[in-house]
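Under the working numbering, the residues of the sequence shown are numbered 1 to 218, in order.
Everything labelled a hint here was simulated from the structure, so no lab data went into it. Glycine included, each C-beta is placed from N, C-alpha and C at the ideal position. Treat the hints with care, as some may be off.
Claimed, not checked - Here are the simulated EDC-like pairs of lysine to aspartate or glutamate, each with C-alpha atoms no more than 20 Å apart in a straight line: (1) Lys197 with Glu147; (2) Lys189 with Asp94; (3) Lys32 with Glu53; (4) Lys72 with Asp36; (5) Lys189 with Glu199; (6) Lys72 with Glu21; (7) Lys128 with Glu21; (8) Lys72 with Glu61; (9) Lys59 with Asp94; (10) Lys26 with Asp94; (11) Lys128 with Glu139; (12) Lys59 with Glu21; (13) Lys67 with Glu21; (14) Lys197 with Glu114; (15) Lys65 with Glu21; (16) Lys59 with Glu33; (17) Lys110 with Asp94; (18) Lys24 with Glu53; (19) Lys189 with Asp125; (20) Lys67 with Glu114; (21) Lys138 with Glu157; (22) Lys65 with Asp94; (23) Lys128 with Glu158; (24) Lys26 with Asp36; (25) Lys138 with Glu51; (26) Lys24 with Glu51; (27) Lys197 with Glu135; (28) Lys189 with Glu158; (29) Lys24 with Glu37.
Said to hold, decoys possible - Here are the computed distance ranges between Cβ atoms for each label pair: (30) Glu152 with Lys26: 38 to 46 Å; (31) Thr18 with Glu79: 12 to 20 Å; (32) Pro70 with Thr101: 36 to 44 Å; (33) Ser209 with Glu53: 51 to 59 Å; (34) Arg115 with Val25: 35 to 43 Å; (35) Asp90 with Glu114: 21 to 29 Å; (36) Glu53 with Glu114: 37 to 45 Å; (37) Thr18 with Arg115: 36 to 44 Å; (38) Thr18 with Gln105: 45 to 53 Å; (39) Thr101 with Phe130: 36 to 44 Å.
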Amino acid sequence: MALKNGSYKGPNWATRRTILEMLKVKGPLSSKEMADELGVSSMAIRQHMQELEQLGDVKSEDRVKGKGRPTKYWSLTPEAARHFPDRHRDLILDLLGSVETVLGQEALDKLLNERRDEQARNYADRMKQFESLEERVKELARLRNSEGYMAEVSADEEAGFRLVENHCPICAAASVCEGLCARELTVFKRVLGPDCKVERVEHLLGGGSRCAYRILPK
Numbered sequence: 001m002a003l004k005n006g007s008y009k010g011p012n013w014a015t016r017r018t019i020l021e022m023l024k025v026k027g028p029l030s031s032k033e034m035a036d037e038l039g040v041s042s043m044a045i046r047q048h049m050q051e052l053e054q055l056g057d058v059k060s061e062d063r064v065k066g067k068g069r070p071t072k073y074w075s076l077t078p079e080a081a082r083h084f085p086d087r088h089r090d091l092i093l094d095l096l097g098s099v100e101t102v103l104g105q106e107a108l109d110k111l112l113n114e115r116r117d118e119q120a121r122n123y124a125d126r127m128k129q130f131e132s133l134e135e136r137v138k139e140l141a142r143l144r145n146s147e148g149y150m151a152e153v154s155a156d157e158e159a160g161f162r163l164v165e166n167h168c169p170i171c172a173a174a175s176v177c178e179g180l181c182a183r184e185l186t187v188f189k190r191v192l193g194p195d196c197k198v199e200r201v202e203h204l205l206g207g208g209s210r211c212a213y214r215i216l217p218k
């Protein structure tokens with residue numbers, strides 16, 4: 001089992017990647033067990049484990065076997081999954097293509113519309129407490145940030161707001177399914193309300209460096 005390239009940088013990256021692979025395959029291990037496997041000292045392993053723990057990739061638990069002091073056993077956290085190969089991107093692309101091929105464009109549109117409506121309901125439920133347009137825009141940015149879009153809000157030159165998304169976590173799917181982007185714009189218009197105009201002024205898939213939206217009060 002191989003980790004993704006670039007999981008770690010620096011002089012100790014090779015050893016850390018080996019440790020993660022070992023924990024992935026063999027389950028919880030003590031520092032001594034890992035040291036014996038790698039042919040290094042237990043102290044060296046403990047230093048690596050402390051650093052990996054700070055990065056959020058490993059956790060420990062004390063186990064007592066017979067008499068004596070408990071032994072610390074290390075295992076991977078769910079966050080460590082980011083260092084291993086992940087085919088979910090390819091799976092999503094294959095599924096979108098299969099839906100269109102097997103069930104037709106109408107079925108794909110129905111699926112995308114359901115996602116749009118569910119997303120709009122979730123956003124609206126979180127935003128209903130905010131009355132002003134500014135508050136709604138800022139809450140929308142917070143919601144998008146929680147989904148990985150790296151969103152930020154600034155004042156627009158036309159007395160409105162500019163919502164910028166510096167990253168698109170669904171870019172791969174959107175690149176083969178244009179309906180995703182179109183429906184996201186529809187969601188924004190719905191949840192921000194009828195008292196404003198929302199337009200996309202920069203589009204990542206249209207050659208822009210990010211997606212940006214101008215939001216103007218009516």
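Consistency of the hints with the structure:
1. Restraint check for lysine 197 and glutamate 147: the C-alpha separation of about 24 Å exceeds 20 Å, so the hint is violated.
2. Note on lysine 189 and aspartate 94: the hinted pairing is violated, with a Cα-Cα distance of about 30 Å set against a maximum of 20 Å.
3. As the CA atoms of lysine 32 and glutamate 53 are separated by approximately 17 Å, the hinted pair is consistent with the 20 Å bound.
4. Under the criterion of a C-alpha separation no larger than 20 Å, the hint pairing lysine 72 with aspartate 36 is consistent with the structure, at around 15 Å.
5. Annotation: proposed proximity of lysine 189 to glutamate 199 holds, straight-line Cα distance about 9 Å (limit 20 Å).
6. A C-alpha spacing of about 19 Å is found between lysine 72 and glutamate 21, which places the hinted pair at or below 20 Å, so the restraint holds.
7. Taking the CA atoms of lysine 128 and glutamate 21, the gap is near 46 Å; set against the 20 Å cutoff, the hint is violated.
8. Straight-line distance between C-alpha atoms of lysine 72 and glutamate 61 comes to about 6 Å, which keeps the hinted pair within the 20 Å bound.
9. Taking the CA atoms of lysine 59 and aspartate 94, the gap is about 35 Å. The hint is violated against a cut of 20 Å.
10. Straight-line distance between C-alpha atoms of lysine 26 and aspartate 94 comes to about 32 Å, which puts the hinted pair past the 20 Å bound.
11. A C-alpha spacing of about 10 Å is found between lysine 128 and glutamate 139, which places the hinted pair at or below 20 Å, so the restraint holds.
12. Between lysine 59 and glutamate 21 the alpha-carbon distance is near 15 Å, which keeps this suggested pair within the 20 Å criterion.
13. A threshold of 20 Å between alpha carbons decides the hint, and for lysine 67 with glutamate 21 the separation of about 31 Å lies outside it, so the pair is violated.
14. For the suggested pair lysine 197 and glutamate 114, the alpha carbons sit about 24 Å apart, so the restraint of at most 20 Å is broken.
15. Pair hint lysine 65 plus glutamate 21 does not hold up; C-alpha atoms about 25 Å apart against a cutoff of 20 Å.
16. At roughly 16 Å between alpha-carbon atoms, lysine 59 and glutamate 33 fall within 20 Å of each other, so this suggested pair holds.
17. This hinted pair checks out: lysine 110 and aspartate 94 have alpha carbons roughly 17 Å apart, not beyond 20 Å.
18. For the hint pairing lysine 24 with glutamate 53, the CA-to-CA distance comes to about 15 Å; that is within 20 Å, so the pair holds.
19. Note on lysine 189 and aspartate 125: the hinted pairing holds, with a Cα-Cα distance of about 15 Å set against a maximum of 20 Å.
20. Among the hinted pairs, lysine 67 with glutamate 114 is inconsistent with the structure: their alpha-carbon atoms are about 59 Å apart, more than 20 Å.
21. For the given pair, lysine 138 sits about 17 Å from glutamate 157 by alpha-carbon distance, which is consistent with the 20 Å threshold.
22. For the proposed pair lysine 65 and aspartate 94, the alpha carbon gap of about 48 Å is over 20 Å, so the pair is violated.
23. For the given pair, lysine 128 sits about 25 Å from glutamate 158 by alpha-carbon distance, which is inconsistent with the 20 Å threshold.
24. Restraint check for lysine 26 and aspartate 36: the C-alpha separation of about 14 Å stays at or below 20 Å, so the hint holds.
25. Restraint check for lysine 138 and glutamate 51: the C-alpha separation of about 36 Å exceeds 20 Å, so the hint is violated.
26. Taking the CA atoms of lysine 24 and glutamate 51, the gap is near 17 Å; set against the 20 Å cutoff, the hint holds.
27. For the suggested pair lysine 197 and glutamate 135, the alpha carbons sit about 15 Å apart, so the restraint of at most 20 Å is met.
28. Restraint check for lysine 189 and glutamate 158: the C-alpha separation of about 18 Å stays at or below 20 Å, so the hint holds.
29. A hinted pair counts as satisfied when its Cα atoms are at most 20 Å apart, and lysine 24 with glutamate 37 qualifies at roughly 14 Å.
30. Separation of glutamate 152 from lysine 26 is about 43 Å and conforms to the stated range, judged on CB atoms against 38 to 46 Å.
31. At roughly 18 Å, the beta-carbon separation of threonine 18 and glutamate 79 lies within the given 12 to 20 Å, and the hint holds.
32. Checked against the given bound of 36 to 44 Å, the beta carbons of proline 70 and threonine 101, roughly 57 Å apart, lie outside it.
33. Distance hint check for serine 209 and glutamate 53: the Cβ-Cβ separation is about 36 Å, which falls outside the suggested range of 51 to 59 Å.
34. Checking the proposed 35 to 43 Å range against arginine 115 and valine 25 shows it holds: the Cβ atoms sit about 36 Å from each other.
35. In this structure the supplied range 21 to 29 Å holds for aspartate 90 paired with glutamate 114, their Cβ-Cβ distance being about 23 Å.
36. For glutamate 53 and glutamate 114, the Cβ-Cβ distance of about 41 Å falls inside the hinted range of 37 to 45 Å, so the restraint holds.
37. Taking 36 to 44 Å as the suggested C-beta distance range, the pair threonine 18 and arginine 115 conforms, at roughly 40 Å.
38. Here the CB-CB span from threonine 18 to glutamine 105 is close to 48 Å, well matched to the stated 45 to 53 Å.
39. Checked against the given bound of 36 to 44 Å, the beta carbons of threonine 101 and phenylalanine 130, roughly 42 Å apart, stay inside it.
In terms of the numbered hints stated before, the structure departs from hints 1, 2, 7, 9, 10, 13, 14, 15, 20, 22, 23, 25, 32 and 33, listed from lowest to highest.
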